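J.: Each residue of the first sequence is one higher than the last, beginning at 1 in my numbering.
The reader is advised that the hints may include incorrect statements.
[What the hints assert, rightly or not] Under the rule of at most 27 Å between Cα atoms (straight-line distance), these lysine-lysine pairs were calculated in the DSS-like manner:
1) K107 <-> K231
2) K122 <-> K231
3) K422 <-> K491
4) K369 <-> K205
5) K490 <-> K444
6) K426 <-> K471
7) K369 <-> K426
Hints in this document: simulated from the structure, not taken from any laboratory.
Everything numeric in this text was worked out from a predicted model, so none of it was measured.
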Amino acid sequence: MSKDESKSKVEARTPRGLADREAGELAATGRMLDVIRQVYELYGFEALETPAIEYTDALGKFLPDQDRPNEGVFSFQDDDEQWLSLRYDLTAPLARFVAQNFDRLPKPYRSYRVGPVYRNEKPGPGRFRQFMQFDADTVGSASPAADAEICMMAADAMERLGIARGDYVIKINSRKVLDGVMQSIGLSGEENAGRRLVVLRAIDKLDRLGPDGVRQLLAEGRKDESGDFTKGAGLDLPAIDTILSFSLGGQYRDGAPAFDLFGLLGKSELGAQGAEELLEIEDLARDAGFGPDRIRIDPSVVRGLEYYTGPVFEADLTFETRDEKGHPVRFGSVGGGGRYDGLVGRFRPENTPATGFSIGVSRLFAALKLIGSPIVSARPHIGPVVVLVLDRDRLADYQRMAAQLRNAGVAAEVYLGAAGMKAQMKYADRRNSPLAIIQGSDEKARGEVTIKDLVAGARAAANIATNEQWKALRPAQFAIPEAELVDQVKKALEEQI
RNA sequence: GCCGCCAUAGCUCAGUUGGUUAGAGCACCAGAUUGUGGAUCUGGGGGUCCCCCGUUCGAGCCGGGGUGGCGGUACCA
Numbered sequence: 001m002s003k004d005e006s007k008s009k010v011e012a013r014t015p016r017g018l019a020d021r022e023a024g025e026l027a028a029t030g031r032m033l034d035v036i037r038q039v040y041e042l043y044g045f046e047a048l049e050t051p052a053i054e055y056t057d058a059l060g061k062f063l064p065d066q067d068r069p070n071e072g073v074f075s076f077q078d079d080d081e082q083w084l085s086l087r088y089d090l091t092a093p094l095a096r097f098v099a100q101n102f103d104r105l106p107k108p109y110r111s112y113r114v115g116p117v118y119r120n121e122k123p124g125p126g127r128f129r130q131f132m133q134f135d136a137d138t139v140g141s142a143s144p145a146a147d148a149e150i151c152m153m154a155a156d157a158m159e160r161l162g163i164a165r166g167d168y169v170i171k172i173n174s175r176k177v178l179d180g181v182m183q184s185i186g187l188s189g190e191e192n193a194g195r196r197l198v199v200l201r202a203i204d205k206l207d208r209l210g211p212d213g214v215r216q217l218l219a220e221g222r223k224d225e226s227g228d229f230t231k232g233a234g235l236d237l238p239a240i241d242t243i244l245s246f247s248l249g250g251q252y253r254d255g256a257p258a259f260d261l262f263g264l265l266g267k268s269e270l271g272a273q274g275a276e277e278l279l280e281i282e283d284l285a286r287d288a289g290f291g292p293d294r295i296r297i298d299p300s301v302v303r304g305l306e307y308y309t310g311p312v313f314e315a316d317l318t319f320e321t322r323d324e325k326g327h328p329v330r331f332g333s334v335g336g337g338g339r340y341d342g343l344v345g346r347f348r349p350e351n352t353p354a355t356g357f358s359i360g361v362s363r364l365f366a367a368l369k370l371i372g373s374p375i376v377s378a379r380p381h382i383g384p385v386v387v388l389v390l391d392r393d394r395l396a397d398y399q400r401m402a403a404q405l406r407n408a409g410v411a412a413e414v415y416l417g418a419a420g421m422k423a424q425m426k427y428a429d430r431r432n433s434p435l436a437i438i439q440g441s442d443e444k445a446r447g448e449v450t451i452k453d454l455v456a457g458a459r460a461a462a463n464i465a466t467n468e469q470w471k472a473l474r475p476a477q478f479a480i481p482e483a484e485l486v487d488q489v490k491k492a493l494e495e496q497i
């Protein structure tokens, strides 16, 4: 290759924030998704798939500036000049689908969907620009029973995935209650919308920053250890105490909240209504056997800020793990959701109530790995049986052997290439093949085939010290009559398990 | 977005005050071994020292700017 050519070669690389996933992880993820799917279908939810690309306005985003993609969203223009975007969640496309097919769908419409979503933002540890979500939603029911059902389903899914009771909790809160609390400290009305956002964000950080950090964020602001300053909400002391006592009051005594929900919300009709809905969800769950060890009210849950209108949920893993510095740290959220009564209404004359829950698939996957759930345990991917090519002019015979094995349901391939036998064995090894099929001229003359058990062979190799021994032993291989190939291969495969 | 750290072979890293043709281990390929995965030995392939500009007789090394990666923080539908 000339220098010029090497200079013009393309560098093989993945775009930042995107990753390849290989056979082992795909299989493990697939098993995990199957378990969730089974749970959701038990609850009567049906599958739905929508495209990864939607019209930008259907996703609820404003049009991007000319030739500049919208903040956080991958967007581009179709040849009819309409703006398209890659979906950034699975809820907005569902709202579009329901609105488009409103008359023929049963109401309430229960459905689930799983797939990649895309966000055009800075990737971070465990954060990618393409990642998988698993959503379930009920559209067309305003009843707290629909919310309770979603929460119970999420709890069941956690347990079926091998997360022990007590190691997870579905926390519920209500946007109405949060708004009610803010009304009670005088933060109502349009003019305070910005400060309400700051307060909500501050509450959301209770987990990570603790009460003191949140106190700073509710007051003037907080400087983090990198020196960056986050401007606070500028509340006065009594208001801060109200927010904190509310948010911290989540501990339970004898199954009842340890704080006076209604007392606090006495001044707010909206807040009282939200609280009643929350208690009803909790009652419904409890009657169905889901106690506060699994589903409980937690006033510190905030979730996203954009479209939730009532109850919000969060699936939290409560067991402790250790970060790279050895500090104990809780795993935290693996999913969340809530009621979004306004989303479908963007497309239709009247609002349609809806509630849903979304699982962050890769985060949950990481959690299952951490607790050693067998569902995601790494099982080495078993490759095909490899038929070695010793005599180049007998390729047809080797192909016939592989075909016989495949017809009997055994994954098999003929070695492709002109390499020597040693290289072929190395190849089979790298493929993690269970068996190699060998028929050179010696075997052919006797009407035989040699089957080499690569798993047993590897085990035997560990005890062989010298090259002479290695040569002499030829471990874990045996000759069989050619006609018995399929039966003997199947037998050898069964013995490996 | 803001703050910090880093960038030399596929991977992990050496590389002297700035001085010839930039090295090691691992990995990869081949031979030793007529037809056998491991071990051992021998050999081989593989580099825009992230990019550009500058300083210098001379830059992997010094200076400026950029890009990329990592970490923190903010945002998170």
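J.: Please flag the earlier hints that this structure goes against, numbers listed from lowest up.
T.: 1 and 7
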